[in-house]
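First to last, the sequence lines map onto chains A and B.
Quick note on this note's numbering: the first sequence kicks off at 1237 and runs consecutively.
Quick note on this note's numbering: the second sequence kicks off at 1237 and runs consecutively.
Worth double-checking, as some hints may not be accurate.
Since copy identity is lost for identical chains, a pair holds within one copy or between any two.
[Claimed, not checked] For lysine to aspartate or glutamate, the following DMTMM-like pairs were computed, each having C-alpha atoms within a straight-line distance of at most 25 angstroms: (1) K1276 with E1296; (2) K1378 with D1363; (3) K1276 with D1451; (4) K1397 with D1335; (5) K1265 with E1251; (6) K1276 with E1301; (7) K1253 with D1392; (8) K1284 with D1363; (9) K1243 with D1335; (10) K1268 with D1412; (11) K1448 with E1349; (12) K1399 with D1380; (13) K1393 with D1451; (14) K1399 with E1346.
For the record, the hints were derived by calculation from the structure and aren't laboratory data.
There are 2 protein chains.
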Amino acid sequence: MKTHTIKRFEDEMNELKEKVLAMGGLVEKATKRSMNSLIKHDTKRAYKVIERDQAINALEIEIDEMTRTILALRQPAASDLRFVMTTIKVVTDLERMGDLAEGIAELMLETQEHPLIHVSSLESLSDQVFTQTALALNAFAKADLDAAIACLQNHDKVNGKFKSMQREYLTYMMEDARQITAGLISTNIARNLQRIGDHAVNIAEMVIYMIKGRDVRHIDHSEAAALVTGNQQK
Amino acid sequence: MKTHTIKRFEDEMNELKEKVLAMGGLVEKATKRSMNSLIKHDTKRAYKVIERDQAINALEIEIDEMTRTILALRQPAASDLRFVMTTIKVVTDLERMGDLAEGIAELMLETQEHPLIHVSSLESLSDQVFTQTALALNAFAKADLDAAIACLQNHDKVNGKFKSMQREYLTYMMEDARQITAGLISTNIARNLQRIGDHAVNIAEMVIYMIKGRDVRHIDHSEAAALVTGNQQK
């Protein structure tokens, strides 16, 4: 490529990355805002999350369009191609995470009639999920392998917390039938948080592929960590 | 490209398509088998679904690897590039659909202790979802715009059915606390089916993009149908 073409290509790749991170920022904001609406009984914030999901969806389409253009005109190779492939997968996860945050906001609106039980558990699950999302996005932003691996390694804890909450809510519902609706809403909010965590792990796996050229999806997470750090004996 | 290179490229694109359809076939089989395990109280079939999810996961990795190779070596353009982009998105949906079918099989195993309520509703929801999956896969196989549009147009019916089932199960749980666990399992199975339907719609939307070069995600489905058929006055 000529020098000015290389420069333009680099600019496009940077712009692509910035857009993905902007989308990630919106998703983080939506998740936090939806949980804050719940904790502070603030329906205005919930409506804001629902309204702003459009901006996340618009970025998905814009980024996918950019990657197609780059593939068609620049024909990236090697690590550049891996970056573009990662981007294509990551935007799908981010879009779903936005939908799940929107779902939490919608569930929050239902809680007006049914005060939730154990909001503090939801809060602590959401803290874990925020960490997972931040790790995945930092891993992508800085091609940070350690952050990606940390995200994989935390995953079991998030799932464990979700499962114990499911049991806890079930017990409440069985003890008091008037708690059934509240219990169901709480379970659904916890499930949405857990699924946001799942998508963060998907992103982390793609980032590992981007950095190491190794596909670690569908491998046990500790095995994956050992594989990419070269510590197979651990 | 030289004639033999063109021939090889065409072969690769056909092979890619065949692999996606093979993956789709496994997903259809997994969904049907998981529902049959439920209807016929057959735990063996449920274990088979769980065991065979690995084959779906393996195809995801294999297909993604193929698309990378094609992008790197063949640098497809225009409709070929749209086909490859569609494939990259479609495999993600298919893999999730496989996970959801596996989830149904796992829930079926829980029903041994808690006989389900209203299995016939689940059966009729699953029939709708099988149709959606078949429409999406046929649309992809034959670049059939009508099938893709039909899939979009059916979506509201599937969601409506799921919502009315959620209410139905809630009523049962409130009337009889001993039904709570069974009601929750039934709700979760229905949710998995509804999400499989969601992924079928994602595939149909990508197929519309593949055929028409138009991104109809995040547009109202009837509007999307009018857009791509040119019947805006409808």
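Hints, verified against the model:
Within a single copy, K1276 and E1296 get their C-alpha atoms no closer than 30 angstroms, and across copies no closer than 42 angstroms, so neither meets the 25 angstroms cut-off. Taking the closest pair of Cα atoms, K1378 and D1363 come within 25 angstroms of each other only inside a single copy of the chain (22 angstroms); across copies the shortest separation is 46 angstroms, beyond that limit. Proximity of K1276 and D1451 under a CA criterion of 25 angstroms is satisfied in neither setting, with 42 angstroms inside one chain copy and 38 angstroms between copies. In the homo-oligomer, the alpha carbons of K1397 and D1335 lie at most 25 angstroms apart both inside one protomer (22 angstroms) and across protomers (21 angstroms), since each shortest distance falls under that limit.
Only within a single protomer do K1265 and E1251 lie at most 25 angstroms apart by alpha-carbon distance; the minimum there is 21 angstroms, versus 42 angstroms between protomers. Taking identical chains as interchangeable, the C-alpha atoms of K1276 and E1301 are never at most 25 angstroms apart, the minima being 38 angstroms within one chain and 47 angstroms between chains. Within a single copy, K1253 and D1392 get their C-alpha atoms no closer than 29 angstroms, and across copies no closer than 35 angstroms, so neither meets the 25 angstroms cut-off. Taking the closest pair of Cα atoms, K1284 and D1363 come within 25 angstroms of each other only inside a single copy of the chain (21 angstroms); across copies the shortest separation is 37 angstroms, beyond that limit.
Within a single copy, K1243 and D1335 get their C-alpha atoms no closer than 36 angstroms, and across copies no closer than 43 angstroms, so neither meets the 25 angstroms cut-off. Taking the shortest Cα distances, K1268 and D1412 never come within 25 angstroms of each other, neither inside one copy (31 angstroms) nor across copies (36 angstroms). Proximity of K1448 and E1349 under a CA criterion of 25 angstroms is satisfied in neither setting, with 50 angstroms inside one chain copy and 46 angstroms between copies. Taking CA atoms no more than 25 angstroms apart as the test, K1399 paired with D1380 passes in neither setting, with 30 angstroms inside one copy and 42 angstroms between copies.
Proximity of K1393 to D1451 under the C-alpha cut-off of 25 angstroms is restricted to the intra-copy arrangement: shortest distance 23 angstroms within a copy versus 38 angstroms between copies. In this homomeric assembly, K1399 and E1346 come within 25 angstroms of each other (Cα to Cα) both inside a single copy, at 23 angstroms, and across copies, at 15 angstroms.
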